[in-house]
Amino acid sequence: MKQTLMGNDAIAWGLIHANVDMVSGYPGTPSSEILTTVQKIKKQLNLPMYAQWATNEKVGFEVAYAGAITGKRTCATMKQVGLNVASDALMSASYIGNLGGMLLVCADDPGFHSSQTEQDSRVFAKFARIPVLDPATPQDAYDFTKLGVELSEHFQTPVMLRPVMRVSHAREIIEMDDETNYQPKEGKFQRDIPRWGAVPRNDRYLQGIEQLKRVEAIKAYNWEHFLKEQFEKCQGKELLIIASGTGYGYAKETLSECGVEADIIKVIMPYPLPQDQIKEYTQKYDKVLVIEETYPCIEEQIATQNLFGKNTNTTQLIDEMSKAEILKSLQKLEIYRGENIYEALEISKEYPLPKVEARPPALCPGCPHRDLFFAITKVFKKKKAIYPSDIGCYTLGLAQGAIDSLLCMGGSVSMASGYSIADPEKTVVATIGDSTFFHSGIPPLINAVYQNHKFILVIMDNSTTAMTGRQTTAEREHKDIDIKKVVEGCGVACHEYFYTNELSKTIDFFKDIKKVYEQADGPVVVVAREFCVLDKERSKEFLPSLSVMVDEERCVACDLCVSSYKCPPMAYNANGKVEIDPFLCIGCGSCLDALCPTDAFVKIDKGDK
Amino acid sequence: MRYQSVIAGFGGQGVVFLVKVLAICAGNRNIPFLGTENHGMSQRGGAVSCHIKIGDFSSPLIDTNQADLLIGLEAQESLRNISFLHKNGKVVTNADTNFPRLPFVTAKADGFALAKQGEFPIQALNVFMLGVVLGSIEDFPFSQEEVRTAIEQMNAKMAQQNFKVLEMGIEAGNRSKN
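Chains as they are written, first to last, in numbering that gives the first Met the number 0: chain A, 0 to 608; chain B, 0 to 177.
A couple of the hints might just be wrong.
Claimed, not checked - Pairs of lysine-lysine residues, derived as DSS-like cross-links and limited to a Cα-Cα distance of at most 30 angstroms, are as follows:
| id | chain 1 | residue 1 | chain 2 | residue 2 |
| --- | --- | --- | --- | --- |
| 1 | B | K176 | A | K539 |
| 2 | B | K86 | A | K539 |
| 3 | B | K176 | A | K354 |
| 4 | B | K86 | A | K354 |
| 5 | A | K42 | A | K539 |
| 6 | B | K86 | A | K39 |
Keep in mind the hints are simulated off the structure, nothing from the lab. Everything numeric in this text was worked out from a predicted model, so none of it was measured.
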C-alpha cells in the first residue's frame, strides 16, 4: 500500500507492523511525532498496546527495556541529547541483552536546528556496542524500523535506529504493508538471576565476553545481508564512496548533477562494520571517500591509507550536510574540476537587495512566560542577579534578557545552587518548566534544600510540554501529582501564583517573593500556574480576545515594550511609533496594564471596529 | 520531471500545510517526491524554509542555485531565501509595492492588504499564495484541479472556504502576469 508519510509517521507504522506493543519515550525535536503517531494509530485501530510519554528518557528506556526482557517487542523514542539521560540504562542493557526485541529510536539533529549539541548517536551505539541502523529516507525509516526489531530479537540486544532531522521531518510516498495484522507477543518474565541480576565481577565479565562475540556475529550478518552484494558489484575505479543515511542521498545526487562517475556503497548498519571484508575492496580504489552525518563513525572503523573523510579534513566537520559541501570534497580530491553548480547567483551588484533582518523564534503572543520574565527582570535587577534557565519554550526568554545561562534538562536548578555558592552577592533567579522539572529538576531541588542553597526557583507550570508539540505531562494526566506537593515533599515551602493578564499583579507577586528571599536561608520556590496559548483545551478561559492599539500621541518610543517585553506584534511604524500588528496580536490584553510608562496601549471597543 | 520548490515564511503562517498539499498532489499522480519541514523551536514565529523536490531525487534539501520556484508568504522571507533560485527560477511572493526588482520572473500579490480589507482570513494566506502560483506560473507541475483535490483531502471541512480563497489567489496571479 502506498502512503504519503513523514519520516516519524513512517517509523510509527513500522513499529505497529513489527508487532511492537510497548512504546515509551520523552518528547524532543526531531523525535516527538513518533510516539504521537503511535498513539493516534492505537486509537484509530483500537490496538491493545502501551504507548505513553515517560517523565524522562531514562525512565522511558527502562520501561521499554523491561518489556523486552519478558519477550515482548518494545521501543523507546528520544532525541539525541535524550540518549545522554538514558545512557546509564543503555550501557548495562547492552551487556545483559533481551529475550524479545527492543528498538531504541534516537533522532539526531545535525545543524543544531532544535538542539544544544550535534552529537552523533551512531557513535553512542558504537560506544555501547549495539548495532545501529541509519535510514536515508522515510521509506528506509519504515523498513529499518521493522528490520531493527527483528534484529534485536534475533541477536538479543537492543538495536538503535538513528534517523536525522531530515529523515524524521522529510515526507515522501512510502510503500508499506497492506494490512495491519497486529499480533503482539505475550510478556512472560523468566527468572534468570545470573543474567537479569548480573553483578560484578564474574557474571558481568561473562556478559562482556558474550557482548564481544555478539558484535562479531552482527558484523558477519552486516556483511552477508547489507554489504557483500554491493561491494561485489564494485568496478574498482578511481573513486569509491561509502555513505550512510542522508549522506547516501546527498552523494548520489551530487555525483549525477556534477557528472562524476564513482561506485557508491550505501551502509545500512554503520556499526558494527566488518572491517576486514570492506578493506579487501577499498584497496582496489585510488581513493575512498566516506560521507556521513555528523561524526566520523564509519571512517574511524575502516581507517585505511586511501580513505578520506572528516579526519583528513576532506569532508565537513560540523553543521548539516549539503551537496555544496560534497562537491567541495570532490574538488579537494581532484576528482571534480568543473564549476561550483551549487553556488548562489551573484545578483546584488545589479539588483541591490535590502538588508534582511534576522527573524529568530520568539515566545508566542499572549504567552504568560513573557509576563513572568518581564516581572522577574523588573524586580530582580540584572546587575545584582543571575538568571539560569532550562530547556523548553521559555528558553526564548533569552530575547528579554531574562536568561543568563543554559546547559541541559534540569540544569537550571543545580546551576542555581552552584552560582549561589560561588557568587553569593547576587540573587540567583532560576526558571524551569513543569515538564523539565519532572524530567530532572527534582533531585537538584532536594540537593539544594538539604544543603541550604539560597536562590529563587520559578517553576513555570503551563501543564504541557509546549515546545515539542504539547505532549501530555504527568500532572495534566493525573491530577494528584501536584508540583506544589512535590516541592513541599522536598522539604521547602511552595509559593503558588495564579497567572492573570494583569501584569501589575505578576510584578507585585515577585516583589513579595523578594521579601521572602531576603528573610530566607535556603531556596525559595515558586510555582506559577500558567497556560499555553496553543493549548486549545485551556487557553480559551485565559484569553479575553481584546483588540488593542497604540495611541500614537501617547507613545514616546521609549523602546521598553519592544526591547524588554518583546511581544511579536509590537514594532515601530513609519512614524517612529510602536504599532500592533493585528494579524499577530492574540488579544491577551497583557500590555494594557503596567507595561507602558505613558499608557499608550489602549483597548479598542468592539463597536469601533 | 524534476521540479524543486522552496516555500518560505515564518512560524504560524502554514508553510508546512503547503508542503503537504504539494506532496499530496505528487502522490495522487504517483510522482515521487521528497519534502522537508520545520518543526519544534523553529516554528515559534521564526523564519521557516521548507523544501519540496518533485521527481527523481534522493535527498530532501535543496541547495543554493537549484530551485525552480520560491513561494514566499512574506516579503522579507522571500528575500532571505532568494539564493536558492537558479537563473531561470521564479518567485511568487506576498509583497507590497516596495518589493525590490529581481532578475527573476516575479509574481507579487499583497496578501496582507487583502486580509486587512477582510477579503479572506489571515490564516488562509497560504492557500491564497498557492492560488497566485497557479495563476502566474505556467510551468507549475500541478493543475488547479489537482490542487483543489489535494486541499480537499487535507481538510474536507474547510475545503469550500479554501477553494474561494484559492480562486482569489488565481485571479491575483493572473493579474500579476499582465
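Status of the hints after comparison with the structure:
Distance hint between K176(B) and K539(A) is unfulfilled; the C-alpha atoms sit about 43 angstroms from each other, more than 30 angstroms. As the CA atoms of K86(B) and K539(A) are separated by approximately 49 angstroms, the hinted pair breaks the 30 angstroms bound. With a C-alpha separation of about 27 angstroms, the suggested pairing of K176(B) with K354(A) holds against the 30 angstroms cut-off. Straight-line distance between C-alpha atoms of K86(B) and K354(A) comes to about 21 angstroms, which keeps the hinted pair within the 30 angstroms bound.
Using a Cα cut-off of 30 angstroms, the hinted pair K42(A) and K539(A) holds, with the two alpha carbons roughly 26 angstroms apart. The hinted pair formed by K86(B) and K39(A) fails the criterion: a straight-line CA distance of about 44 angstroms is larger than 30 angstroms.
The structure fails to meet hints 1, 2, 6 from the earlier list, while all remaining hints are met.
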